Structures are given as structure tokens and as C-alpha cells.
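*Asks:* Single-letter residue listing:
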Amino acid sequence: MARIVAGVTTSHVPAIGAMIDQGRQQEPYWAPIFGGFEFSKRWMADLKPDVAIVIYNDHASAFDASIFPTFALGCADRYLPADEGWGRRPVPTVMGHADLACHIAQHMILDEFDLTVVNRMDVDHGLTVPLNLLFGDLKADQAWPCQVIPLPINVIQYPPPTGKRCYAMGQALRRAVESWPGNERVVVFGTGGMSHQLQGTRAGFINTPWDTRFLDNLTRDPLALTRITHAEYVREAGSEGIELVMWLAMRGALDERVREVYRFYHVPCSNTALGHIILEND
Amino acid sequence: MTEPQLSPYLTEFEDIPGTYVFNTFRSRQGFPLNQFCMSLMKADNRAAFKADNAAYLAGWGLTDAQRDAVLARDWTGMMREGGNIYFLSKLFSTDGHSFQHVAAIMTGATQAQYAQMMLDGGRAPQGCRSKSDPSL
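Protein chains in written order, with our numbering: chain A, 1 to 282; chain B, 1001 to 1136.
If we strip away everything but chain B, and leave its shape as in the complex, we get (with noise of 0.2 Å):
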């Protein structure tokens, strides 16, 4: 798929910091990623994936980057080739993992750091709005 040109709604979004937004051209990007993480809704499924990861994978019709971004678990190499983090949350979740765990792997803290931040209150507003800010 060719990178669309970006209309002034997708580029006000472009400035801001860490952040992917799921937009139509991603979606129809994503489609075949985010369906076969869908299909692991059903316990059939989730187990004949666990039993061999590559061979289920070659069913869905996923791009060369989305097989190797599944395989190698790379969360935010998902999210760049079209995954939604809901759909996202079905492999995780196959995987016995949390939110908070993929999020903190997605900001390169380990987990008990991010589950401490958000105790103290979250990420901070203060120097993560635009990609101009002077803190980042």
C-alpha cells in the first residue's frame, strides 16, 4: 500500500509525540494483522496458534513485516505495519500478558517502573504535547 498524502486532519495528529493513531488507510493497512489476532477470540484457535505461531500465521494473508512484527513479538512494530491496540490486546492476552505490560514494553520501562508511574499520578502532560517541545 502506498503512504497516503496526508490531509490537514492526519497531519495536526503527526505532531504529537509516541503516539499512533488508527486511521482508514491504517486500518485497510492493518486488516489482515488485526483479523488474525480476532481469530484468537476462540480457544480452537489460540491453541493451534500456541502449537505452531509461523504455520497459523501463513493462513491470514499478513505482509512479510506484520509475520515477522507477530513473531518477534514487537509490539510497536505492530502498531507501525496497521495494528489497533484492542486487536493487538487478543496476542497478548494469548501470551498471558496485561496491558501494562505491553505498554511498558511500548515505552522501553520495565513494568514495575510503569506500574510506578502510574501510581504517582501517570505520564505528565508537561513535555510529551508536540514533537517541538524543548524537553524532548
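One chain only, chain A, in its complex shape (with noise of 0.2 Å):
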């Protein structure tokens, strides 16, 4: 069978992606913030997963405003950067596993989760600039080293999902993995967050407190976190904060009991507080 072996949160913060893009990483305000994620890149090299699922949402790239999926997972070989409105980011084209996804698909829906079947998107900064942060600066011409299945969700029209609701999707998700007779390694990652605010007079919210508890809980008591409800996030996490119902959908798919191997938390990143934590089932 398939097994899940690691889980990784990180924020997805678009920035990141265009200093990437115009080789600025070492500038003062940005080298802390590349340094955070050493020794992720090294980990993720000796990890060598065979599929990263990927969950991230959309920001009105793929999708417009005539549909808003609240789960969706990626069916395709094959998924183009997303023109943002500067052009593709010069990164390489993101292969599926379209196999291992449709049995994904079919299993989860069978499973009462009704996810939406997609067979031809572009992935924008959420996807791409994870894949950065973990496998390094890869150009367009180059290769990331694993297949990749993307699995948006929404949470930028309210109501995103709930957390308890992401979190049995990361349950379902692992239960669809774990009956594929194939013996990829997979690593889940959930994206986004942590408090961020875009918008409004209270826009530049941050709440250092606030997202440490968070992730401390991502290990210590998740279903802690799953009673967050969407005022509480907005409140405390600010209204981008609500984001971090995917890092809750990426814990659904561990073990009960985790370890935390790694973690890192900086702010400003942009208008954002940047988390990252990595995950290792105990």
C-alpha cells in the first residue's frame, strides 16, 4: 500500500515566490526568511517522497468567480504555473500522479467525501511557492523531484469548511492513500496562514500568541484546534488567518500521536506571519 510518511505546514505567502523569481533572496529583509527553511531542504532530500499532495487554495487563478469548490482535487498529468498578471512564475511544470489521484477521487467520494473532480487547472503562488520553500529555487527547465497532486480548497469565500471538516478530510484522504496497492511514499502538505489580515482597517493584524498556541497544539491536542470556529479565526488570526483550516486538513492525514521535527516562525513576511512546522508520525 501507499503510505503517508511525513506532513509539512508552511505559509504561502506570494512574495516569497517573486523574490525567487528575481534571484533577491539574500537581501536583509528576505535571507531569515529563505535561512528558515535549511534545514527543511535537507530533510526533504533525505526523505525522497515519491507524491507531495498538496493542499492549498486558490487565489481566484484557476478558478473565477462563477465557482467556488470547497474541496477539489487534481486529476491531471500535468499542471502549469498560474499567470497571476505578470506571467507564469519561471518554475517547472508540476507533474501529477493522475493514477494515483483518480483513486483518490473515487475512494474519498465512495468514503462520503465529496470532493470536485478537476482535469485541467493551473496552480498558482499557494502551490508553487511551498514547493519552493521545500524542494529549493528550481527554474523552469528543471524538474521538481516528486509527482505532485494539488487539492485546493476554499477559504476565501465564507464559509471556507470547517476545521473539524478539514480534518476528516485529512483522515479520508488517508484512508484513500493507504488502499492503493502502488508503494509511493507520500507527504502531505497543508499551506496558508499563519495571522494575516490583507484587508479593512484592521489590515497588518498579527498575533504571535495566538499562532503559537497554534503550533504548539498542531502536536500536543489537534482536536483542540478543530473547535476553532471561523469568528474565532478571524478575530484572532485575522481574516486571511482562516487559512489554517488546511494546515488542520494536513494533520487529519497523521497519526494521532506526532512528532514535531521542525519549526519555524518569523514575522513580517509581506503583510504575514510566516509558520512552518514539519511533522513526523510519532
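Accuracy of the hints is not assured; some may be wrong.
What the hints assert, rightly or not - Here are the simulated DMTMM-like cross-link-like pairs (lysine to aspartate or glutamate), alpha carbons at most 25 Å apart as the crow flies: (1) 48/A with 141/A; (2) 48/A with 280/A; (3) 164/A with 1014/B; (4) 1042/B with 83/A; (5) 1042/B with 64/A; (6) 1131/B with 232/A; (7) 1050/B with 64/A.
These are calculated hints, taken from the structure and not from any lab test. Quick caveat, the model's predicted, so the values are computed rather than measured.
With the hints as a guide, bring both chains together as one complex.
*Replies:* Take a look at the structure:
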């Protein structure tokens, strides 16, 4: 059977992608941010996963205002980096694992988790920035070191799914992966967060104590995190901090007991509190 | 569109100051505005919009309030009329502006002041959790 071998969470701030594309990683503002992922890149190089399932959100790139799929799964062979207004990012084409993705979609829907199947879409910074942070600054003529299955969750139109539902989705995702007859070793990414707000007179909102408790409880008490209401996310983590429900989707795909391998937290990254954690089953 | 009766779910957000929650009703209200913004993902459309803002907007079915807010680059007004920040980002990117530029405008700060606030750790939660907060 295929196995989920680890979970990773990280913010997916678009400016990180822009700095990589412009070669500005060593500037004083950005060097500590990229430095926070040096261990993680070595860890990932040692892990050598076959597949990364990346839970992220589309930011009005693949999906326009016509449709806001709550949970979707990419079942395509390949995904181009989206043109978000400045041309496509010069990063490798994302190669899918269509057979495994189709199996996951079928298994999860029959398991009463009703995903939207996507056979063609572009992937925006929400997916490509985390790949850069964990796999390195690869260029368009290179290749990502593993296959990728995109799993976009709506977090821009309220209500997004609850944290509890996202956690349950992670559990269903694990059952689907483990029912696949191949031997793939899978890493699951939960992306976005941490506290940030991009709009209104409260823009710039950051809540480090709340973020720290969230990071602590990801290992200690994830079920407590699944009880956080949408209003609490907005009040305590800002209107865009709601992206943290995607971390709980990743968490649901791991064992109840996990070990924190690495943590990084940095303020500010553009408008955002950047958080990153690596978890392995204990 | 009529103002929806606030459900208990939406009522909870009403107490949070300075924040627009892009719910399903606002999504419906903002649909033409957000689709107009989305059209700016294409270079030809950006060129046509830049050549004549008002003429380009005429084809998208915006309400008068939405159109006026776009023409005035009234970002808070666009949010009030159902705009979503990720869709509006296509418009301010077309204008050559960043998230931080627009966030600063919405908060009433200069971009330099806003950037300094972020460097100093961001906007602290104290005083902006609730409209009933005594410091507001």
C-alpha cells in the first residue's frame, strides 16, 4: 500500500515566489526567511517522497468568481504555473500522479467525502511557493523531484469548510492513500496562514501568541484546534488567517501522535506571520 | 440586491472591527465587479482597460456604485460593494501597486507607516478584537 510518511505546513506568501524569481533571496529583509527553510530542504532531500499531496487554496487564479469549490482534487497529468498577472512563474511544470489522484477521488467520494474532480487547471503561488520552500529554487527547465497532487480548498468565500471538516478530510485522504496498491511514499503539505489580514482598517493584523498556541497544539492537541470557530479565526488570526484550516487537513492525514521535527516562525513576511512546521508520525 | 437577514453565523463577524467577510451574499453582490477584475489577468484586456477605464467597464454589468468605486480606485468602497481582495488584486496589479500599497490606503496610513508597523511586529490584537473594545 501507499503510505503517508510525513506532514509539512508552511505559509505561501506570494512575495516569496517573486523574490525567488528575481533572485533577491539574500537581501537583508528576505535572508532570514529563506534561512528558516535550510534545514527543511535537507530534511526533504533525505525523505525523498514519491508524491506530494499539496493542500492549498486558489487565489482567483484557476477558479474565477463563477465557482468556489469547497474541496477539489487535481486528477491531471500536469499543471502549469498560473499567470497571476505578471506571466507564469518560471518554475518547473508540476507533474501530477493522475492514477493515484483518480483513485483518491473515487475512494473519498465513496467514503462520503464529496470532492470536486478537476481534470485541468493552473496552479498559483499557493502551491508553487511551498514547493520552492521545501524543494529549492528550481527553474522552468528543471523538474520537481516528485509527483504532485493538488488539493485546493476554498478559504476565500465564507463559509470555508470548518476546521473539524478539514481534519476529517485529512483522515479520509489517508484512508484513500492507504487503499492504493502501489508503494508510493507520500508527504502531505498544508499551506497558508498564519495570522494575517489584507483588507479593511484592521489590515496588518498579527497575533503571535495565538499563532504560537496553534503551532504547539498541532502536535499536542489537534482536536482542540478543530473546535476553533470561523469567527475566532477572523478575530484572533485575521480575515486571511482562516487559511489555517488547511493545516488541520494535513494534520488529519497523520497519526494521532506525531513528533515535531522542526518549527520556524517569522514576522513579518510581507503582510503575514510566516509559520512552518514539520511533523512525523511518532 | 436586498440586504440579507443576518444569520447567527454572520452576526458573530459583525462585532469584529475593520473587516469585510466575503460571504455568499457578498459574493453574489460582487460577482460582476470580481469578474471584471478577473478579466485583467489577460494582457489584451489590461491594455483595453488602461486605454479607457469607463468604456471597458461598461461591458461588465457593474452597478453604478461598483463602477464609481473602480474609477475612483476607492478600495474600501469596492470591498463594501462585494469585492474580494484576491480579485481586487488583479486591478491594483494592473495599476502597478502591491498588496501593501492598498492595505496601507485602507488603513488610512502611508505605505511607509504601514511597512514600519509590519516591521515592528504588525498590528497588535489589543484594541481591535471587538467593536466593544474600550480602546476603540
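*Asks:* All hints are to be evaluated individually against the structure, with a verdict given for each.
*Replies:* Do the hints match the structure? See the list:
no.: 1; hint: 48/A with 141/A; in the structure: holds, 21 Å
no.: 2; hint: 48/A with 280/A; in the structure: holds, 14 Å
no.: 3; hint: 164/A with 1014/B; in the structure: holds, 23 Å
no.: 4; hint: 1042/B with 83/A; in the structure: holds, 9 Å
no.: 5; hint: 1042/B with 64/A; in the structure: holds, 13 Å
no.: 6; hint: 1131/B with 232/A; in the structure: holds, 14 Å
no.: 7; hint: 1050/B with 64/A; in the structure: holds, 21 Å
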